[in-house]
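Going down the list, the protein sequences come from chains Z and W.
Sequential numbering of the first sequence, starting at 165, is according to the numbering used here.
Sequential numbering of the second sequence, starting at 165, is according to the numbering used here.
Hint data in this document are derived by calculation from the structure and do not stem from the laboratory.
Because the structure is a prediction, the values reported are computed rather than measured.
Treat the hints with care, as some may be off.
It does not matter which identical chain is meant; a pair holds if it fits inside one copy or across any two.
What the hints assert, rightly or not - Once the Cα atoms are required to be at most 25 Å apart in a straight line, the calculated SDA-like pairs of lysine to any residue come out as:
hint : residue 1 : residue 2
1    : K616      : Q191
2    : K488      : G551
3    : K552      : V486
4    : K552      : E586
2 protein chains.
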Amino acid sequence: MGKKVVIIGGVAGGASAAARLRRLDEQAEIIMMEKGEYISFANCGLPYYIGGEITEKSALTLQTPNSFHARFNVDVRINNEVVAIDKEAKKVKVKKTDTGEVYEESYDKLILSPGAEPIRPTVNGFDNPKVFTLRNIPDTYKIKDYTKKANVHSAIVVGGGYIGIEMAENLFRAGLDVTIVEGADHIIAPLDAEMACDVQNHIRDKGIELILNDKVLSIEDSGEGLNVKLASGDRYADMVILSIGVRPESKIAKEAGLAVNDRGAVLVNENMLTSDEDIYAAGDVVAIQDFVTGGEGYIPLAGPANKQGRIVADNITGIKSVYKGTQGTGVLKAFDMTVATTGIKEEAAKKSGLDYEKSYTYSASHATYYPGAVNMSVKLIFEKVSGKILGAQIVGYDGVEKRLDVIATAMRAGMTIFDLTELELSYAPPFSSAKDPVNMAGFVAENIMTGKTKVFHWNEVDKLPRDGSVNLLDIRTRMEYDNGTLDGFMNIPVDELRQNLDRLDKTKPVYVTCQIGLRGHVACRILSQNGFDCYNLSGGYRLYASIKR
Amino acid sequence: MGKKVVIIGGVAGGASAAARLRRLDEQAEIIMMEKGEYISFANCGLPYYIGGEITEKSALTLQTPNSFHARFNVDVRINNEVVAIDKEAKKVKVKKTDTGEVYEESYDKLILSPGAEPIRPTVNGFDNPKVFTLRNIPDTYKIKDYTKKANVHSAIVVGGGYIGIEMAENLFRAGLDVTIVEGADHIIAPLDAEMACDVQNHIRDKGIELILNDKVLSIEDSGEGLNVKLASGDRYADMVILSIGVRPESKIAKEAGLAVNDRGAVLVNENMLTSDEDIYAAGDVVAIQDFVTGGEGYIPLAGPANKQGRIVADNITGIKSVYKGTQGTGVLKAFDMTVATTGIKEEAAKKSGLDYEKSYTYSASHATYYPGAVNMSVKLIFEKVSGKILGAQIVGYDGVEKRLDVIATAMRAGMTIFDLTELELSYAPPFSSAKDPVNMAGFVAENIMTGKTKVFHWNEVDKLPRDGSVNLLDIRTRMEYDNGTLDGFMNIPVDELRQNLDRLDKTKPVYVTCQIGLRGHVACRILSQNGFDCYNLSGGYRLYASIKR
Ligand SMILES: Cc1cc2nc3c(=O)[nH]c(=O)nc-3n(C[C@H](O)[C@H](O)[C@H](O)COP(=O)(O)OP(=O)(O)OC[C@H]3O[C@@H](n4cnc5c(N)ncnc54)[C@H](O)[C@@H]3O)c2cc1C
Ligand SMILES: Cc1cc2nc3c(=O)[nH]c(=O)nc-3n(C[C@H](O)[C@H](O)[C@H](O)COP(=O)(O)OP(=O)(O)OC[C@H]3O[C@@H](n4cnc5c(N)ncnc54)[C@H](O)[C@@H]3O)c2cc1C
Ligand SMILES: CC(C)(COP(=O)(O)OP(=O)(O)OC[C@H]1O[C@@H](n2cnc3c(N)ncnc32)[C@H](O)[C@@H]1OP(=O)(O)O)[C@@H](O)C(=O)NCCC(=O)NCCS
Ligand SMILES: CC(C)(COP(=O)(O)OP(=O)(O)OC[C@H]1O[C@@H](n2cnc3c(N)ncnc32)[C@H](O)[C@@H]1OP(=O)(O)O)[C@@H](O)C(=O)NCCC(=O)NCCS
Chain Z
165 MGKKVVIIGG VAGGASAAAR LRRLDEQAEI IMMEKGEYIS FANCGLPYYI
215 GGEITEKSAL TLQTPNSFHA RFNVDVRINN EVVAIDKEAK KVKVKKTDTG
265 EVYEESYDKL ILSPGAEPIR PTVNGFDNPK VFTLRNIPDT YKIKDYTKKA
315 NVHSAIVVGG GYIGIEMAEN LFRAGLDVTI VEGADHIIAP LDAEMACDVQ
365 NHIRDKGIEL ILNDKVLSIE DSGEGLNVKL ASGDRYADMV ILSIGVRPES
415 KIAKEAGLAV NDRGAVLVNE NMLTSDEDIY AAGDVVAIQD FVTGGEGYIP
465 LAGPANKQGR IVADNITGIK SVYKGTQGTG VLKAFDMTVA TTGIKEEAAK
515 KSGLDYEKSY TYSASHATYY PGAVNMSVKL IFEKVSGKIL GAQIVGYDGV
565 EKRLDVIATA MRAGMTIFDL TELELSYAPP FSSAKDPVNM AGFVAENIMT
615 GKTKVFHWNE VDKLPRDGSV NLLDIRTRME YDNGTLDGFM NIPVDELRQN
665 LDRLDKTKPV YVTCQIGLRG HVACRILSQN GFDCYNLSGG YRLYASIKR
Chain W
165 MGKKVVIIGG VAGGASAAAR LRRLDEQAEI IMMEKGEYIS FANCGLPYYI
215 GGEITEKSAL TLQTPNSFHA RFNVDVRINN EVVAIDKEAK KVKVKKTDTG
265 EVYEESYDKL ILSPGAEPIR PTVNGFDNPK VFTLRNIPDT YKIKDYTKKA
315 NVHSAIVVGG GYIGIEMAEN LFRAGLDVTI VEGADHIIAP LDAEMACDVQ
365 NHIRDKGIEL ILNDKVLSIE DSGEGLNVKL ASGDRYADMV ILSIGVRPES
415 KIAKEAGLAV NDRGAVLVNE NMLTSDEDIY AAGDVVAIQD FVTGGEGYIP
465 LAGPANKQGR IVADNITGIK SVYKGTQGTG VLKAFDMTVA TTGIKEEAAK
515 KSGLDYEKSY TYSASHATYY PGAVNMSVKL IFEKVSGKIL GAQIVGYDGV
565 EKRLDVIATA MRAGMTIFDL TELELSYAPP FSSAKDPVNM AGFVAENIMT
615 GKTKVFHWNE VDKLPRDGSV NLLDIRTRME YDNGTLDGFM NIPVDELRQN
665 LDRLDKTKPV YVTCQIGLRG HVACRILSQN GFDCYNLSGG YRLYASIKR
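Only chain Z is shown next, with the shape it has when bound in the complex (with noise of 0.2 Å):
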């Protein structure tokens, strides 16, 4: 018999290196403790479920305790809790769910994987049965019952995140009233604010009410259904998910005496390997080193967690993967719109109080002569003095995770914004431009960084004076300006400007806006050839309009 190993947890990061590990050592002894009834469940696929997209129950899990004996040889107990960690004695304390049986199991490495909760605050009422929270499939099904009663027909998600937009998505996809109460000024958090505003104006559109800036005090049984207290007044739903957040599952972690952060993270080396040295942890138990910035974070997503599963049995078995850092890419289908996002937000950056600087494209899908084609928009945030990537927004319909990856990618390897002129990335009609939307995002990006185009950005827009000081422009077509403009913005067209430069005063600044900002960097470069200071509104009138809506 082999080294005897103790996985807590039997999902995503426990799974993982319970499935390498019998790969790497067919003599291990390894035992596989799950408290729960599932194992190796599909938790990114659970609202779907509740929603209808997914229909079978079997399809929200991949192995079962059968199934992974007979291909892994591992023992699998569900309903198996451990309780306790003894590090000194290499022994785990396990506590039988369904029988309240105590006992425990001695280990050679132990490997922990037990995720993270839910995180419910002390509000009065959260502890309300008709207020639900979403990890497991005990959860789906609870949820998937209550809105199939009769009287239940609204519901209320507390937290506009990504589990948050995706229940309420499948809660209106059931049939319900769906509100969403968010505390911040936007949803979806990896966003800055002016890219979620379109997400915002998307879902709202389709029928979701959406509170801003708002948060639960309280909540009352009606006896019918609840009453909710928000600070912007009271609101009546027959449900609440409750959908802010998780927080490591580190209690016995910490009891056990291993290294935790702040918020209960479980502190890992690059080998995954625990303050023990025979004891180490995957997934969103870990505290994470962020690959931006290289300070420690907190990113619990399920590709990380599978990959350092794998990590944690090459290590065990002697071989030295490393892991290095999380970047948090991550993606969200929301209604028809897709937004992914990696590395660092802008607000983030500047708290880092990193020297960057930012672009905003909006670049078709695929060449806009084929039938199909629809923009997303890109936001990058870059180094200023390095032009190195620090973080990408993408927001849109087709295509927008394609993007995404390519430059989570090319920030992987280390890559400039001026890289991302050269990628080479394929192209026919059906399926992109000549120059990519990453290409362009490069360009747009290099514009700025080497000066060819001065550009002001969408929040200074309202504090451009009007009293005659500057220059303010709008160089699209007529049609375009009388469907509407910027507040106190003349009309010369780019293709009239170079005729109409007269009735610009080149003793003062111009400022310029297009629909998206191309055509506002071709006025630029004419302007500013022409001995005028001139300055472009990156992301244009469209980003503007976008946010004001």
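Got chain Z sorted already, so can you dock chain W with the ligands onto it with the hints?
Chain W with the ligands only, in chain Z's frame:
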């Protein structure tokens, strides 16, 4: 007046150079000579206009001479063909194609972007007016008008490259019976033969006839249509499309004494400067440096042409932009399938004498539990010692070009297959799996490179001894096995393997197959740790069967 720049060719490379040049230099005198009637047209969209997917003629041109002049103040001269370059006198001789008038134009800098012309071998009958090639808008109208004739029902497309396949699909869409005749043993040259099989099967299933390993010996006009003589016999068709490749349109460059290579491609340095210090070149007319091998190559694509045009403009205005080579990233829609490639194929790696290895994987476009997941077939070619990625080929339906672009980006960054295992790509069920197909390809390549699982390949299957001197083992389920297996292979399902090791002869090697290679990897790990010398069929039964179909 600033410097005088003459541009030959008004489309991808030429128009891009002109636009960027104007943005960088408002004072330059820019003259764009275009021998045809159109500038700035969508070469790549032409087949889709013929098939009817693009319906508007206007969609085919991104700019007209007027709009281009208004926006960029460029003197656009359509129907003006440059017939000679005098590089000593720095003059071009220009012929007006409508009037025949000839005149001279001097330049300070000259930009060549005349593109490439379809190859028309000197075969009897290739000059028949019912034999078409497709390069520009007039060609497109000619073909489309001809397909609409009452008596036109069938077409033979000669050459199964990207344009050939696009034409075949679009003529088929336009209602014709279509046959493709391809000289090589497979269509789509950037693919290795075994990767083309799925595409060949697909387009045959769609109703296209495909003749491989054959060529047109001559064509005779029967009055009504064409008798096309193939090595394999005679064929009748109402029209023929010749799409066997293009050659650089470099006649005037050669005559002017510019350095060109054997195939006539103009030689340029990394700044896109030709052998003459005042003449730059971009696009399909130039020889490129192969990004992977470092050797000279010829890869005529729109993305590189656009980027090179921009780089030429930079250099003319004193910005020392560098073109770092073409890696040959391309994508093709073939009916419902997508084919995408980057870097070199195995055949090329072999020819270059590179010490390479390869991996095959077959992964779902997104989480299999979420509706709509479809598989894609991924081939990676990588250096044996370093793991450096040399090329990738992906064939499938949804999400193919995303994974290809990610790998293309990784290649640009000089990444290895080890890096692919670490890429943090966006995951939610509608978009990918927690281990993205690119990660998975990395894992499998890593296992091959590090010797964790030894593999054998599809082309070795038939050569395996069937005399009992080796173990031949199919580890799929009984049902899969009964539906068809490799000749001579016995069945032990992987989940029963540990209990049945005694049915195998440990003194003889074991050749394992499963469906795609995944379970074979698990089985090989079990077997090798139990003392067997074991080999997994890379790509599994699926790949083998797709080739043998
Ligand atoms: C609704 C939902 C949607 C999501 N969508 C996405 C998405 O689209 N993309 C994405 O990247 N990520 C998504 N995630 C996050 C992703 O599921 C997690 O990052 C990942 O599952 C973490 O893996 P893990 O192994 O750390 O924890 P888990 O997968 O949660 O597994 C931990 C397991 O450990 C068990 N356990 C805990 N403590 C003990 C104990 N003491 N003894 C025994 N067993 C114990 C738990 O019961 C649990 O089953 C989603 C999560 C949820 C809940
Ligand atoms: C049908 C078709 C489909 C394609 N599909 C794709 C695809 O999906 N993806 C992809 O990446 N690439 C594709 N390509 C290739 C792509 O179009 C070319 O790589 C690109 O257009 C090359 O740009 P260029 O500027 O070098 O040449 P071109 O775009 O061909 O422009 C050259 C211009 O120069 C003019 N010219 C030539 N000689 C002279 C002269 N002496 N005087 C004046 N004018 C002259 C020509 O008339 C022509 O208009 C396709 C090409 C075709 C024909
Ligand atoms: C499914 C689960 C048990 C992992 O099992 P796994 O065997 O490691 O993962 P996969 O089935 O994806 O197989 C991957 C292995 O097959 C190999 N493989 C894949 N395709 C292959 C091919 N075509 N040829 C050869 N090997 C292949 C890979 O290299 C890898 O092996 P390695 O780790 O030894 O390199 C675990 O991920 C799990 O429980 N997942 C569900 C929970 C979850 O992830 N939730 C969050 C997301 S919803
Ligand atoms: C259209 C064509 C004339 C090129 O013109 P172009 O002005 O260089 O290209 P685009 O319209 O894409 O604009 C790109 C410019 O706008 C800038 N830009 C794009 N979006 C922007 C934004 N949101 N904000 C600011 N600037 C922006 C880019 O930085 C770039 O400028 P730069 O080169 O100075 O950096 C030329 O590509 C062409 O003729 N194409 C058709 C032919 C062809 O390509 N055929 C093959 C494929 S079918």
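Hints, verified against the model:
no. : hint        : result
1   : K616 x Q191 : between (64 Å within a copy, 16 Å between copies)
2   : K488 x G551 : both (22 Å within a copy, 19 Å between copies)
3   : K552 x V486 : both (23 Å within a copy, 19 Å between copies)
4   : K552 x E586 : both (15 Å within a copy, 20 Å between copies)
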